[in-house]
Amino acid sequence: MPPSDAQALITFDQVVKRFGDLTVLDHLDFSVAPGERVTLIGPSGSGKTTILRLLMTLERVTEGTIMVEGEPFSHMPRGDRLVPANEAYLSARRKRIGMVFQQFNLFPNMTVRKNLTEAPVHVLKLSRAEADARAEELLELVGLSDKIDAHPTQLSGGQQQRVAIARALAMRPEILLLDEVTSALDPELVAGVLDVLRTIAETTDITMLCVTHEMGFARDVSHRVLMFDEGRIAEEGTPDEIFGDPREERTKSFLKSVLDNGH
Amino acid sequence: MEFLIDRLPLYLGGAWVTVQLTVGGIALAFVLAMFFGVLGTARSGLLRAVSTVYVEVFRGIAALVLMFWMAYALPLLTGFQLDGRFAAILAVGLNVGAYGAEVVRGAINAVPRAQTEATIALDMSWAQRMRLVILPQAWAQMLPTFGNLSIELMKATAVAFLIGVADITAVAEQMRQATGETVLAFSGALILYFLIAQVLIFGVRLLERRANRRLGRTPPGGRGLLALLRPPALTTSGGAK
Numbered sequence: 143m144p145p146s147d148a149q150a151l152i153t154f155d156q157v158v159k160r161f162g163d164l165t166v167l168d169h170l171d172f173s174v175a176p177g178e179r180v181t182l183i184g185p186s187g188s189g190k191t192t193i194l195r196l197l198m199t200l201e202r203v204t205e206g207t208i209m210v211e212g213e214p215f216s217h218m219p220r221g222d223r224l225v226p227a228n229e230a231y232l233s234a235r236r237k238r239i240g241m242v243f244q245q246f247n248l249f250p251n252m253t254v255r256k257n258l259t260e261a262p263v264h265v266l267k268l269s270r271a272e273a274d275a276r277a278e279e280l281l282e283l284v285g286l287s288d289k290i291d292a293h294p295t296q297l298s299g300g301q302q303q304r305v306a307i308a309r310a311l312a313m314r315p316e317i318l319l320l321d322e323v324t325s326a327l328d329p330e331l332v333a334g335v336l337d338v339l340r341t342i343a344e345t346t347d348i349t350m351l352c353v354t355h356e357m358g359f360a361r362d363v364s365h366r367v368l369m370f371d372e373g374r375i376a377e378e379g380t381p382d383e384i385f386g387d388p389r390e391e392r393t394k395s396f397l398k399s400v401l402d403n404g405h
Numbered sequence: 209m210e211f212l213i214d215r216l217p218l219y220l221g222g223a224w225v226t227v228q229l230t231v232g233g234i235a236l237a238f239v240l241a242m243f244f245g246v247l248g249t250a251r252s253g254l255l256r257a258v259s260t261v262y263v264e265v266f267r268g269i270a271a272l273v274l275m276f277w278m279a280y281a282l283p284l285l286t287g288f289q290l291d292g293r294f295a296a297i298l299a300v301g302l303n304v305g306a307y308g309a310e311v312v313r314g315a316i317n318a319v320p321r322a323q324t325e326a327t328i329a330l331d332m333s334w335a336q337r338m339r340l341v342i343l344p345q346a347w348a349q350m351l352p353t354f355g356n357l358s359i360e361l362m363k364a365t366a367v368a369f370l371i372g373v374a375d376i377t378a379v380a381e382q383m384r385q386a387t388g389e390t391v392l393a394f395s396g397a398l399i400l401y402f403l404i405a406q407v408l409i410f411g412v413r414l415l416e417r418r419a420n421r422r423l424g425r426t427p428p429g430g431r432g433l434l435a436l437l438r439p440p441a442l443t444t445s446g447g448a449k
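Here the protein sequences line up with chains A and B, keeping their order.
Sequential numbering of the first sequence, starting at 143, is according to this note's numbering.
Sequential numbering of the second sequence, starting at 209, is according to this note's numbering.
Simulated from the structure, these hints should not be mistaken for lab results.
Values in this document were obtained by computation on a predicted structure and should not be read as measured data.
Any given hint might turn out to be false.
Unchecked claim - Dumping the calculated SDA-like pairs for lysine to any residue here, alpha-carbon to alpha-carbon at most 25 Å: (1) 237(A) with 351(B); (2) 289(A) with 423(B); (3) 256(A) with 217(B); (4) 256(A) with 348(A); (5) 256(A) with 403(B); (6) 363(B) with 224(B); (7) 237(A) with 343(A); (8) 289(A) with 224(B); (9) 267(A) with 336(B); (10) 237(A) with 363(B); (11) 237(A) with 251(B); (12) 267(A) with 323(B); (13) 237(A) with 334(B); (14) 363(B) with 351(B); (15) 237(A) with 403(B); (16) 398(A) with 326(A); (17) 363(B) with 403(B).
Work out the full structure: start from the sequences and follow the hints.
Here you go:
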């Protein structure tokens, strides 16, 4: 069983995810403490992104359960059994989770302001004024105050991703999922996005799960690094342990391949 | 020419009826297309089946026969006589609505899956997702086909003269019989149908331009109102995608 279950915010208990014959996650156990920042690394296809997608309820588990704050998340209680959670059950719980996508996924039919305010107004039932104030504050945080009335298409990739981060934060999530948020960016735009995330890591106690190939960033912000391989955790430890003194051969070869690619 | 100018009031009367049929038909077709198109993207198989039944039934029935049925068969079955114009509007509206529903369904399905995922991450409900994100994006994609369908609908209203509705075609036929001027009588009708179609196209292009602007795309084909008189140029940023 994963360690420190008592205070865990997120717990994966024997989670299996299969797509057809392909097993993406293989009886996975791990937990994340409140406020903890965990980086998931590993070769592509090792199941890292699937973990985030399961937490965001974009996918459903095949076997096993996910708990959030000691409460079933992938499943819901019915009588004394657990059955797969329905939409109403999930909706009440996914509000506390936010996600930033590799491809930003901003809404092209809305200005930056609307991208940041529509969900707070319609989902959280904030007033327009409150939502606007929140949007302005967050745009300042990501350094894009002057773009509030711009269209997503008028922004660079890096700017779009910073808006996407602000959009996720506008929902005041307790858990922020970052799915390769700099992978789609031109190299010169990566630093701006990572700086914003560093600031968020330093100034808030949001729990973060981060899938990234930016090893420098992972080393700076995360409390713990999980190395994935073939749907299992091959190795875990502090950033210093994983990057400084990896024990597993798979971790060593993975880190070497990433460094060779200039990250 | 004088022949037509002398009879202009008659033609305009017919044109006004055709416009009524067209506007009524478009309104009905639009509502049906939106409703059954959205239904066709529902997760529930039952709701999708309802949509499919509507589309297949009314796509497969000739508007003309449907109109005859409502004008002549319905009174026999129910004892209730529909107004001829109303029967014509129902016939073309139900028929074109079925085509439109497929357009709406296709446009919704063409919105990238990533947009839906972003709305899930923001915990939007299905209705919020449709209203705020998916339909506004699908709208730009529907419009060019809606433009074609509305012109098809307008032309299809010509069948209304067969149940005694005094539309453009009825006026032309009446005039031909009264004067024997076959060429002129029908030429006048052609011109009027063409003009109404131009107004429809102009309106749809105006909507298209607005929709593209809302999506942050530069309107293809230039800026001024005159630019709307010619079809939009195909540019890398514009067009259907």
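Now the hints, each set against the structure:
1. Between residue 237(A) and residue 351(B) the CA atoms are separated by roughly 35 Å; this puts the pair beyond 25 Å, and the hint is violated.
2. With a C-alpha separation of about 16 Å, the suggested pair residue 289(A) and residue 423(B) falls inside the 25 Å cut-off, and the hint holds.
3. Taking the CA atoms of residue 256(A) and residue 217(B), the gap is about 51 Å. The hint is violated against a cut of 25 Å.
4. Restraint check for residue 256(A) and residue 348(A): satisfied, since their Cα atoms lie roughly 24 Å apart, inside the 25 Å limit.
5. Under the criterion of a C-alpha separation no larger than 25 Å, the hint pairing residue 256(A) with residue 403(B) is inconsistent with the structure, at around 40 Å.
6. With a CA separation close to 14 Å, the supplied pair residue 363(B) and residue 224(B) stays within the 25 Å bound.
7. Simply put, residue 237(A) and residue 343(A) have alpha-carbon atoms about 20 Å apart, close enough for the 25 Å limit, and the pair holds.
8. For a cut-off of 25 Å, the pair hint linking residue 289(A) to residue 224(B) is broken: about 49 Å separates their Cα positions.
9. For the hint linking residue 267(A) to residue 336(B), the alpha-carbon distance of about 12 Å falls within 25 Å, and the restraint holds.
10. Distance restraint check for residue 237(A) and residue 363(B): the Cα-Cα separation of roughly 51 Å exceeds the 25 Å cut-off, and the hinted pair is therefore not satisfied.
11. In summary, the hint linking residue 237(A) to residue 251(B) is supported, as the alpha carbons are separated by about 22 Å, within the 25 Å threshold.
12. For the hint pairing residue 267(A) with residue 323(B), the CA-to-CA distance comes to about 21 Å; that is within 25 Å, so the pair holds.
13. The suggested pairing of residue 237(A) with residue 334(B) holds, with an alpha-carbon distance near 15 Å, which does not exceed 25 Å.
14. A threshold of 25 Å between alpha carbons decides the hint, and for residue 363(B) with residue 351(B) the separation of about 18 Å falls inside it, so the pair holds.
15. A C-alpha spacing of about 54 Å is found between residue 237(A) and residue 403(B), which places the hinted pair above 25 Å, so the restraint is violated.
16. This hinted pair checks out: residue 398(A) and residue 326(A) have alpha carbons roughly 22 Å apart, not beyond 25 Å.
17. In summary, the hint linking residue 363(B) to residue 403(B) is supported, as the alpha carbons are separated by about 12 Å, within the 25 Å threshold.
Hints 1, 3, 5, 8, 10, 15 from the earlier list are contradicted by this structure; the remaining hints agree with it.
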